[in-house]
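Chains as they are written, first to last, in the numbering used here: chain P, 148 to 479; chain Z, 7 to 335; chain U, 272 to 557.
One or more hints might be untrue.
[Stated by the list, open to error] Pairs of lysine to aspartate or glutamate, EDC-like flavour, derived with a Cα cap of 16 Å:
1. Z:Lys-86 <-> Z:Glu-105
2. Z:Lys-212 <-> Z:Glu-41
3. P:Lys-178 <-> P:Glu-194
4. P:Lys-418 <-> Z:Asp-230
5. P:Lys-423 <-> Z:Glu-71
6. P:Lys-418 <-> Z:Asp-202
7. P:Lys-192 <-> P:Glu-306
8. U:Lys-294 <-> U:Asp-551
9. Z:Lys-212 <-> Z:Asp-202
[Claimed, not checked] Partial pick of chain U residues on the chain P-facing surface, computed with a CB cut under 8 Å:
10. Asp-326
11. Ala-329
12. His-469
No lab work stands behind these hints: they were computed from the structure.
Predicted, not measured: the structure shown is a model, and the values here were computed from it.
We treat Cβ as the ideally placed atom computed from N, Cα and C, and that holds for glycine.
One letter stands for each residue in the lines below.
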Amino acid sequence: MSEAVLEINDLSLAFPISRSLADWVAGRPGKVVRALNGVSLQLQKGETLGVVGESGCGKSTLARCIVRLYEPTSGSVRHHGQDIFDASVRGDRAYNRRVQMMFQDPFSSLNPRMTTGQILSEALRVHEMRSEDQIPERVAELLDLVRLPQDAAEKLPHEFSGGQRQRIAIARALAVEPEILIADELVSALDVSVQAQVVNLLLELQERLGLTVLFVAHDLRLVRHVSNRVAVIYLGRIVEIGDSETLFSSPSHPYSQALLSAAPSMDPDDKGQKVKLEGELPSPLNVPTGCAFHQRCRFADTRCHSESPSLRPLEGRGEVACHHVEKILHNA
Amino acid sequence: MEQTPILEVEGLCTTFGRGGQTLPALRDVSFTVGEGEVLGLVGESGSGKSVTLRSVLGLARRYGEVTGSVRWQGQELITKSERDLRPIRGRDIAMIFQEPMTSLNPLLTVGQQLVETLQAHTDLSRKARRDRAIEMLDLVGIPAAASRLTDYPHQFSGGMRQRVMIAIALAASPKLLLADEPTTALDVTIQAQILDLILRLSSDMKMGVIMVTHDLGVVAQTCDRVAVMYAGRIVEQGPVRQVLRDPHHAYTVGLMQSVPEGVAPRTQLYSIPGTPPSLAHLPPGCAFAPRCAASTEACLATRPALLRVSEDRQLACFNPKNQTKGCAA
Amino acid sequence: MSDTAVSSSAPSRPSRLQLALGKPGFLIGCLIIALSTLLALMPNVFAPYDPNYIDYLAIRQPPSWAHPFGTDSLGRDSFSRVIHAYRVNMQMAILATVFALVIGVVVGALVGYYRGIADMIFGRVVDAIITFPFLVLVIAVVAVLGPGLINMYIAITMVGWVYYARLMRAEIIAQMGNDYSDAGMVMGYSDRRIIFRHLLPNAITPVLIYWMTDMALAILLGSSLGYLGLGAQPPQAEWGVLIAEGRNFITTAWWLSLMPGIAIVLTGLGFSLIGDGLADLLRPRG
């Protein structure tokens with residue numbers, strides 16, 4: 148097994164919601180949105196780790212914690228052994244150079260008043276990646292790398308289509324020669340045919356530059372396609388993590404099963420043996436006790452109500468957080 | 007598909023005018039929807055699928071010019087005035103939108119909004135309206151429906167709001183539902199619930215549905231027939247099994263291949279070369295020709311018409327990929 | 272695969288300047304302000320007489336070819352005085368606003384970006400200041416500092432920056448909703464760079480438009496204070512002062528007050544028209 152470039156340990160993040168006056172008068176405690184509840188995972192060098200889950204499950208929050216846009220309430224993120232939230236490295240912008248993020252919305256992640264050339268050369272200049280006279284040449288290289296025409300350098304973001312803007316965002320991330328790319332719903336806003344182009348580009352660049360990628364998305368087919376390993380998140384907690392093909396072809400956790408079977412198949416006659424989920428995602432304002440999934444789970448018993456299952460390795464599969472997973476798999 | 011269609015759209019053209027420059031958003035779109043039938047409209051952004059729904063309902067003409075023919079149970083809708091359309095909208099033809107957050111009035115309770123629709127389109131008494139409202143919320147699967155009538159839209163989650171939207175749309179028992187990406191903003195598990203709901207209601211109430219989506223999986227799972235749109239035109243149309251199993255048009259083929267299903271993981275995905283044309287600068291021939299591997303001189307020069315290629319399939323292409331024998335256009 | 276942008280293939284759209292100049296309002300505004308600036312810079316070229324030259328032989332004469340706006344009670348040429356007043360009144364438009372603009376933009380950007388305690392204090396300051404009518408507060412400050420142009424500028428700046436800061440803060444917060452500011456942080460850019468290089472250029476448009484309106488208001492406010500005797504002091508030729516001087520003769524020599532009044536309205540109109548045009552000119556496209 149190769150080395151872990153990023154180690155996330157028991158990461159939790161709770162956003163306080165400002166208390167209303169009524170709550171204050173009644174002496175009720177302020178509410179908190181528990182976005183992450185003890186996430187642990189390791190990112191291995193050169194791999195693509197897919198992160199899937201429903202909206203509000205905390206997958207984007209996780210991505211934003213990794214690039215220090217959010218500070219976790221507890222837990223740690225270690226980059227080559229160094230805790231990135233440690234006071235001594237907190238202001239160290241070199242980490243930001245090593246770990247880059249790309250955003251979902253190609254219409255808001257680029258400064259509308261800067262040309263592509265300005266956007267790219269700014270990144271090069273700030274991190275002193277190239278000397279001043281080599282910058283134009285590098286900008287041209289980067290445009291080539293993401294397959295944008297050279298005249299793109301002179302244009303403003305609004306002159307590009309969504310797919311092209313995401314290429315610019317990728318070029319900006321690559322300008323600083325990072326080690327890890329965090330792709331937060333990178334292609335979700337794009338049309339199917341354009342999605343394919345951007346995904347191809349990402350795969351190719353990863354191969355060529357030896358990048359490690361954390362691919363956060365809600366499109367299961369895409370995640371399956373690009374990932375080596377996949378983590379399924381439910382209410383701020385990893386419920387299952389493991390090899391992508393194994394997980395997608397035979398998910399173990401009841402939530403993974405339901406999530407994967409909900410994706411509509413392209414075959415009109417494959418109605419699938421749907422594992423129907425009742426109800427909706429509970430609010431992260433009010434995370435259920437015990438296993439967070441127990442209210443929607445067919446297999447839940449009293450133990451699930453009170454005791455929170457931890458991730459444990461399962462023979463021939465990845466790690467699963469479920470008290471009854473052996474029984475469930477046995478009966479299936 | 008023996009039944010007579012309830013909606014017949016023929017030669018529908020919608021042109022948006024903007025500062026002297028006109029954008030042909032829809033060009034010569036024709037299709038039919040039968041009773042209880044689910045028709046899928048697929049295509050990428052800008053292909054005209056949403057404009058089609060808005061043109062059918064007479065919402066598009068505020069922004070541009072709509073010509074052609076939209077016959078609703080034999081009546082022509084295109085020439086009808088706003089005033090004459092009003093009783094048809096909502097009662098006969100209802101519409102649900104992609105964004106349940108913005109399409110409900112945040113200042114009115116869900117009950118008020120439901121009752122409002124019933125008041126406009128039915129002769130029910132006050133009491134009966136309330137009962138019907140509860141019945142509708144119940145029907146779309148909102149727990150404790152009676153107690154939620156007095157709740158405001160923001161008190162519902164995204165999936166529940168979409169259910170409320172559907173309840174309002176279906177309150178007057180429309181015969182046709184126009185669904186504009188009804189599940190795009192929702193998560194897959196909720197999407198499955200909403201699609202099931204629409205399908206169930208469609209078969210129970212004999213309601214026709216036009217389902218606009220960009221997700222071929224949704225089409226495969228919900229639609230009886232599908233029409234593929236590109237640059238404001240229908241390029242291929244037919245029963246969903248036939249079209250998805252054996253697509254004829256190069257664009258349909260490309261669209262299906264771009265979906266990473268049944269491809270080896272981490273290999274290059276197929277992607278249609280180039281980008282969709284700008285509506286303001288459509289090529290003279292087939293709009294897809296510049297991106298099509300099989301295009302010829304003829305494709306670039308003349309626009310292929312949508313022609314019948316078999317009993318219930320239509321295609322607009324000069325060089326169809328897998329066209330079945332003996333069905334020459 | 273690499274494809275040229277769809278929109279770039281469109282025939283060249285008219286440039287922003289062309290668009291703005293195509294609007295008659297903006298064009299007229301520019302002409303008025305250009306002319307006003309010219310008059311302010313070189314009043315001697317346009318004014319036929321020394322504005323303070325007293326001619327007791329020509330007191331309160333009605334408009335004539337020799338004195339287009341007539342003469343005042345000291346026989347000074349009213350036209351020359353209105354022209355010479357352009358200098359001080361245009362100066363007001365700039366000096367009474369530009370410091371407020373700079374302070375407001377910087378403070379607003381910083382509190383908007385960092386929020387926290389500074390933002391809460393800022394909120395209280397804003398509340399405290401905008402509770403009072405603008406004019407009342409300015410008069411109170413002038414009363415403390417003493418009348419005169421410099422003190423008037425100080426007073427207006429002390430009150431006026433709050434309006435800029437409030438607008439700027441709201442715009443910065445709105446802009447931070449876009450991912451590009453987060454992207455800047457992820458890129459490891461300094462806060463200063465993110466605020467002043469990325470957020471500010473995108474957030475400043477409404478502030479600049481407000482600035483144009485504010486310049487019109489500054490002229491109005493400055494001449495009001497001049498009229499009240501708190502701003503420019505006679506015999507300084509200033510529109511407010513001129514109107515005040517003509518006040519006693521309003522029935523007999525109406526032109527003394529009317530002409531500077533027209534000058535105020537015209538300049539104010541010019542700034543407002545430019546403000547409208549700027550709104551179109553500076554809006555980012557997309």
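Checking against the hints above, which ones are violated? Hints 1, 3, 5, 7, 10 and 11 not satisfied by this model.
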